[in-house]
Amino acid sequence: MRIELSPEQERNQVEFRLFTKEHIAPHATAHDTTQRVSAELVKRLVAARYLGSFLPKSVGGLGLDMISYGLLHEEIGKACSSLRCLLTVHDMVALAVYKWGSDRLRAKWLSRLARGEVLGAFAVSEPNAGSDVNGVETTAVLSDQTYVLNGSKKWITFGQIADVYLLLAKSEGKATTLLVEKDSPGLSVRPLKGMLGMRGSMLAELVLEDCLVPRANLVGREGFGVSSVAFTALGLGRYTIAWGSLAIAQACLEACLRYASTHKQFGAPLRDHQLIQRMISEMIANTAAARLLCYEAGYLKETNDPREILQTFVAKYFASTIAMKAATDAVQIHGANGCSSDYPVERYFRDAKIMEIIEGSSQIQEITIAKLGFQEHARNVLEEETLYRENAVSA
Amino acid sequence: MDDTKGKIRTFFSRFFRTSELKDADDIFALGFVNSLFAMQLVTWLEKEFLFTINDEDLDIQNFNSIEAISGFIGRKTSTAVEV
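In order, the protein sequence lines correspond to chains A and B. Anchor point for the first sequence: position 338 equals 337 in numbering that gives the first Met the number 0, and the numbering is continuous, going up by one each time. Anchor point for the second sequence: position 45 equals 44 in numbering that gives the first Met the number 0, and the numbering is continuous, going up by one each time.
Take these hints with a grain of salt, some might be off.
Only some residues are given here: those of chain A computed to face chain B with a beta carbon under 10 Å [unchecked claim]:
#1 133
#2 219
#3 220
#4 222
#5 225
#6 230
#7 234
#8 307
#9 377
#10 381
In short, the hints are calculated from the structure, not lab data. For glycine and all other residues, C-beta sits at the position ideal for the given N, C-alpha and C.
The whole structure should be built from the sequences, with the hints applied where relevant.
This is the structure we're talking about:
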């Protein structure tokens, strides 16, 4: 077993870090306060090919391996969680089209999504349906070759600037996903502001009033909207949220190491106080553990191992939990300064809370991880029984 | 084919009791299928039998029993060989 980055992954990490330092970090506070990201910066992301970067080169992506892809989320996420979220939602749409789109849909959208020429957003959440994706109330009624959509979607990340939405609705009671273009008749987009964290993520509410969508925009088949299309997209989204959470924890750690080295209380640097050391020790240990979980999930994803599903749930659950802990302690270590926008940890604190909610709340993760754990146990028992029988026969 | 059915049965046994399950029993009608199971089934089939499942394959008839899945695997792998 070797747990280390390959030379190519190291080169990618350096590239992502330099890009972030030069182009993103200087604007992170402004994204938070103005509750938007600049169009110029989005153009830079597109030019760097960081949108759709995980897709194969054959369809226009960068062909990043899953570890490099995670590193991209970590580097950007350390500076600005709001902007990092654009990569998550856009890539979820790109993956859904890549995996489940018809030939016609892929021909129309995939190359443009892979190159970031159009921006995608994932439109599932509704006022009465968050973690319960099967509970969506938006309806899609097929009339001739057109779906007529009615309902609303809420808290749609980067919904304000997306060109196309991957939208989940019910068609004759069956979960159905459709690509909905922003200029579809009957669709209106309303900006949402005043969120607790990730305030630059340009959330929107989508209102669908007899919104007309061509039947050809169906992604997958009717009835497979959740089990195949949305879950495929959410699997990738969950992976990126794990890395984004790790990024927040790492940013908190680095901020605390700086602050505790330069600020004094009772005549001694904070770093010399044992209770400060305890919080920093926990931050170091938890961040290292989260990183290993992210690596493992990435490795399993890269090798298309079915165990990646459980491991991604675990990585997201753990990383988001420890990000919140790290951010809470970071504010504590910074004291009054930590409660001020003069220091970034108050932003990390607000952003970390969002990570415990999006792409499946921590409570949903707890239920799912336990369920998958029992499955793993059943598999292990079966394998042991088989091994025992085989050994008994050969003896 | 029997080996394929055996592999499917073993995979199923991680999720529900299979001792009474017949090859033709509809696992959807029996209430054994949820979204998580469906996602794991797709990932497992692609990894185990080395083919890609796409939108054209999304038909309940391909996945609703051991027999159906076995037939689906046979069609997909023969297509893969032809290509």
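Discussion item. Next item in the hint list is residue 377 of chain A. Is there a CB on chain B closer than 10 Å to its CB?
Written reply: Holds - the Cβ of residue 377 of chain A comes within 10 Å of chain B, reaching about 5 Å at its closest.
Discussion item. Take the shortest C-beta to C-beta distance between residue 225 of chain A and chain B; is it under 10 Å?
Written reply: 5 Å, holds
Worksheet item: Are residue 381 of chain A and chain B close enough, Cβ to Cβ, to be under 10 Å, as the hint says?
Response: Because about 6 Å separates residue 381 of chain A from the closest Cβ in chain B, which is inside the 10 Å limit, the hint holds.
Practice prompt. Go through the hint on residue 222 of chain A and say holds or violated, using the shortest Cβ distance to chain B against 10 Å.
Written response: 7 Å, holds
Worksheet item: Minimum Cβ distance from residue 220 of chain A to chain B below 10 Å?
Response: Nearest chain B Cβ about 4 Å off; hint holds.
Discussion item. Quick check on residue 133 of chain A please, does its C-beta sit within 10 Å of some C-beta on chain B?
Written reply: Interface hint status for residue 133 of chain A: holds (7 Å vs cutoff 10 Å).
Worksheet entry | Restraint satisfaction for residue 307 of chain A [CB to CB of chain B, less than 10 Å] | 7 Å, holds
Item to complete: Return the status of the interface hint for residue 230 of chain A: holds when the least beta-carbon distance to chain B is below 10 Å, violated otherwise.
Response: The hint holds - residue 230 of chain A has a Cβ within 10 Å of chain B, the shortest such distance being about 5 Å.
Fill in: Interface hint for residue 219 of chain A, Cβ within 10 Å of any Cβ on chain B
5 Å, holds
Discussion item. A closest beta-carbon separation below 10 Å is what the hint needs, so does residue 234 of chain A meet it against chain B?
Written reply: 7 Å, holds
The structure fails none of the hints (numbered hints given earlier).
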